[in-house]
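S.K.: Place chains B and C on chain A using the hints.
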Amino acid sequence: MALTAEIRKRLSHFTLDVSIACPKGRILSIVGPSGSGKTTILRIIAGLDAPDEGVVVCGERVWLDTGGRVALPTQKRRLAMVFQDFVLFPHCSVFKNVCFAARDKSLAEALMKRFDIWHLRDSRPQSVSGGERQRAAICQALAREPEVLLMDEPFSALDPLTRRRLREAVADMKGELGIPIIHVTHDIREALFLGDEIVPVVQGRVFHKWLLQFMLTARDADLCRERAAMDNEGDVELELYNKRRGY
Amino acid sequence: MDTGSIFVPLWISFKLAAATTVMLLALGAFLAYLLAYRKVPARPVVESLINLPIALPPTVLGFYLLILMGPKGAFGKAWEGLFNSTLLFTFTCIVIASVFYSLPFAVQPLKAAFLKIDRRILENAYVLGLSPVKAFFRVIVPNSAVGFAAAAILVFLHTMGEFGVILMVGGSVPGETRVASIAIYEAVESLRYRDAWVLSVVLALVSFSFLLVVNALNRGEGNGING
Amino acid sequence: MIRVGVVLGLIFICALPAGASDEKVLAGVAANFMMPFQEMAAAFEKESGIHVESVFTSTGKLYAQIRNGAPYDIFLAADEERPELLFRDGLSGKPFVYAMGEVVLWSADRDFCARFADWEEAVRSNEVKRLAIANPESAPYGAAAVSALKASGLFDSLQAKYVFPQDIGQTFQYASTGAVQAGFCALSSAVTDQGKEGCYYTITQAPKVTQAACVLTRTNNREAAEKFAAFLLTPAGIRIKEKYGYR
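Residue numbers (this note's numbering), protein chains in the order written: chain A, 199 to 445; chain B, 398 to 624; chain C, 243 to 489.
In isolation and in its complexed conformation, chain A is listed as follows (with noise of 0.2 angstroms):
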């Protein structure tokens, strides 16, 4: 079950046209800079924006398509999502958040367990760190057993080293979830990290000489290190991304 999107909007300074296909178990990583669509295009695939025009296919069910006006509204889209700031229910507890929409409560347990916040089940979210409060985010996600995940800048808001865990934890999971998995993120290294497949959006479209020119400078020269260092398969991202999107 895989999920496609063929998406154009017009936005104030541009038009966002992309077109991003992401297989189940794995990660694709949309990357770039502040204000260039990337969070549109989840918004649409989730439904809380519309398109100028646009298909988005989720593995045999089309969740829009405005050519045969279909328009699923959000809560018909069996996805979760993981937004950038934490949007847990302050008049729930922890663990009543993480049950909102899950049919199975022993897998709200089992995903809390997992994600080391188990003993947190009867705080508010207010009580509880940032980091506590996004894995709990991300367990609220997981426990609806959705058919995409999408994560909006998950880990830009925590501290280095809970970023770090947090990503770990999240890549270990795409084969055992087997679901489809967009990442949306401003930060290159985590985007070289956890995406399988990375889509470099400026302004709107989709550009991939801007990631190589972006890793050809001196500066990023660390950050294929880094990759490196993190990635058993070693040191040729450059290649091997470039393989990936046929260039």
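Take these hints with a grain of salt, some might be off.
The calculated lysine to aspartate or glutamate pairs, modelled on DMTMM-like cross-linking and capped at a C-alpha distance of 20 angstroms, are [what the hints assert, rightly or not]:
1) A:Lys274 <-> A:Asp263
2) B:Lys469 <-> C:Asp331
3) B:Lys474 <-> C:Asp351
Just so you know, the hints here were simulated from the structure itself, not pulled from any lab data.
M.R.: Just chains B and C, lined up with the frame of chain A:
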């Protein structure tokens, strides 16, 4: 003309305030939801209409309602067709009038409370599969408790103290539409100053104790945020 | 501060008497007597040069105001009771009757009076669903209507139809807007232009409403006030009030 105990009007005022509060929490929440989250056609017109009772003298509002709910008025006629009974000068009639009169006092605090909720929390609810109706009850309502409490108390007190509108459409029918404020007015007019005093003191005490509760609630809320 | 000063100044200016005549009388007048009173005051001013200002409201309110020191020179009540009470407590001179009013059954429907033999048949009919009586405790015309209903033995059987407006003015308003099918109004209302658009039954069983006036003890314009009191009973004064349905 036996009105029974002088406390009967107080009981009617209380019943009226309670009925109005229940109806307005439902209607007010619905309107506040539309105003806070939906595209409303001719929004300035709609908002002004809802707030009109604040600006209009109650007797003017009462006069319009008198005409509207009278046997010749559109609403009165429709009511008579539906229920085969006249609407004007009944308890139902003063409840309807009070609902109009106190509408802004329900809509404003509820709208403010709804707007205070982070839009993304609501979006998260949709993403988690909640329909707008379910999201309203499971996310918006529990996060607007203070707004609901404020609306309920404002409407209740405003209705307890209501005079001009009921003067116009109530007709002071004993045991039915003769509320405390009207009974006080009549007592003064009829030189029954002692009755007027007793009723006024009780009414003032009721309102005062409600405001004390509001104060306590506000302080509790403040502590909750700090603590 | 400046704004407050301006507002206070305006209030002060507004509070000044309009006509700067040397002598003036401030009268508190029962609302039902407004129409003849205005004409009488104009005639009196022409004749004597004394300006008469007036406040029209219910007798009960005027009475309460006078008890609490309102600066009226003369009080024209709608009943005998309140001037008598003021006199007894030394707040006024001896009351005198200045007009006799009459209560009638009035309907805004011009054909109403052709359908029934008399007022008793009219109030009993199913056509009259609601019947307005000015609050008999405070409004003398309401009290007169109640005693007529009692004299005819109808009072108890019609309980379900009664609506009690606060005064004779509101009674007429209920009847003229069609809120009630008929109301016990003052003859003086029934003979106005608006009253003539409907029709009325006379009520022989109803006692006449005796309206008494008194010059108040605290007046600073005793001479002018007494002159005006005397004018009320001159042939010129009587002609005016008869025109408006009083005797």
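S.K.: Compare the distance between the alpha carbons of lysine 474 of chain B and aspartate 351 of chain C with 20 angstroms, and conclude whether the hinted pair is satisfied.
M.R.: This hinted pair holds, its Cα atoms lying about 17 angstroms apart.
S.K.: Has the given pair, lysine 469 of chain B with aspartate 331 of chain C, been kept, meaning a C-alpha gap of at most 20 angstroms?
M.R.: violated (49 angstroms)
S.K.: Sort out whether aspartate 263 of chain A lies within 20 angstroms of lysine 274 of chain A, counting only the CA atoms.
M.R.: holds (15 angstroms)
Comparing the model with each numbered hint stated earlier shows that hint 2 is the single one that does not hold.
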